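Asks: No gaps in the numbering here: position 368 of the sequence shown is 368 in full-length UniProt numbering, and each next residue is one more.
Since the hints were made in silico from the structure, they are not lab data. This structure is a prediction, so every number in the text was calculated from the model and none was measured. The beta carbon of each residue, even a glycine, is placed where N, CA and C say it ideally should be. Watch out, some of these pointers could steer you wrong.
No farther apart than 27 Å at their CA atoms in a straight line, the calculated lysine-lysine pairs in the DSSO-like style are these [to be verified]:
(1) 48 with 28
(2) 346 with 28
(3) 120 with 48
Estimated spans, in silico, between C-beta atoms of each pair [what the hints assert, rightly or not]:
(4) 26 with 91: 44 to 52 Å
(5) 176 with 305: 24 to 32 Å
(6) 272 with 319: 33 to 41 Å
(7) 311 with 221: 51 to 59 Å
(8) 89 with 262: 14 to 22 Å
(9) 113 with 311: 53 to 61 Å
(10) 93 with 161: 34 to 42 Å
(11) 158 with 360: 42 to 50 Å
(12) 244 with 19: 23 to 31 Å
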Amino acid sequence: MCLLVLPALYAGLMVWLSAALNEELRVKNEELESSANPSFLIPDSSLKFSVLIAARNEAENLPQLLGDLAAQTLPAACFEVLIANDHSTDATAAIIAAAAQEAGFALRLIELSVHTTGKKAALLAAQQAARAPWLVCTDADCRLGPGWLAAYAALLVRQPATNFISGPVLLTGPANWFTTLMGLEFAGLVGVGAACLARQQPTMCNGANLAYRRSAFEAVGGFTDHAHLASGDDEFLLHSIHARFPGTARFLFDADAIVRTAAPLTLRALLRQRVRWASKWAHYRSAAPQRLALVVLGANVALAVGVAAALAWPGLWLWVAAAGVLKLGGDVWFLGPVLGFLGRRKWLVGLLPLQLLYAPYALAVGLAGRRGGYEWKGRAVR
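Produce the complete structure using the sequences and hints provided.
Replies: Have a look at this one:
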């Protein structure tokens, strides 16, 4: 019976989070149905955005991103784009400089000083040159829909007291099992982050799609408390703003706001990325993400231990099966609406294989993350 405790707790957590997620999606659908012309939510030019992008060796990806920014339905007068070049060794700077001469929107290249490196430094350099009260962040290798910025503007019309907005991110790649499993895991992270924000218990967000009010950023000291860490600028900022301004951080439940990013191409690249993310866990000050991580990891490890024990004592198989049904049922209940929102409901076929692989994968990533070292953009980070 002990085998059921953590999977049952996990299933209850998924049901609780799913209820919040479904309520947010219901409200959003009602808003869309009540308006024949959603453009009424786009504000006048008094609401402006500065889009901040850190770029290092992104010459291959920047033309697509710049094209997506040029296609935004939000009027060009409402936003500017600042791309900070983090000492690229390819044609990144030249591409940005050339685009700035002919772009139909305000575009500026920001060069980091010789003694300044890293994503946090790049975002800060861009922010210092930015002019708008709202700062929107994405990554240089992402793809944006035409309604991306308009979706942020529409949320702020509905919720003007907002200080932080976390946006949806979708993993893309070849139609194979590797991409399906990665995309499914990633969708779960996005969904949990969205549902926790709906419950006002923020845990995670993604720097590929978020926005924050400049005054709120300054009020919490920006990245100062975690300046020594190479990763985590997005989530630490979310937690700081929530602590200082409770109830003003929200998730952007709008399909037009989905940012697409390519999945890692190899298992090694995937593990490097996840270890980079895991390296920040030990530095959380908020209890919510730590509790969530313990429940998720505990439920998966309990199942793995149960299977190992049942191989020695076959009488345990019934209990292991019950625990597996609880865990899998919670995942299906939660991921159904998440994948529906992201337009990837077919990924549910990968849930059982992911369940079998997740315990050793999560343990390995967690242990490697605590060690603290990883590689990013050709640099070794400690």
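Asks: Could you run down the list of hints and mark each one as holding or not?
Replies: Okay, the hints, checked on the actual structure:
no. : hint                     : verdict
1   : 48 with 28               : holds (23 Å)
2   : 346 with 28              : holds (23 Å)
3   : 120 with 48              : holds (22 Å)
4   : 26 with 91: 44 to 52 Å   : holds (47 Å)
5   : 176 with 305: 24 to 32 Å : holds (31 Å)
6   : 272 with 319: 33 to 41 Å : holds (37 Å)
7   : 311 with 221: 51 to 59 Å : holds (52 Å)
8   : 89 with 262: 14 to 22 Å  : holds (21 Å)
9   : 113 with 311: 53 to 61 Å : holds (59 Å)
10  : 93 with 161: 34 to 42 Å  : holds (39 Å)
11  : 158 with 360: 42 to 50 Å : holds (44 Å)
12  : 244 with 19: 23 to 31 Å  : holds (28 Å)
Taken one by one, the earlier hints all hold for this structure without exception.
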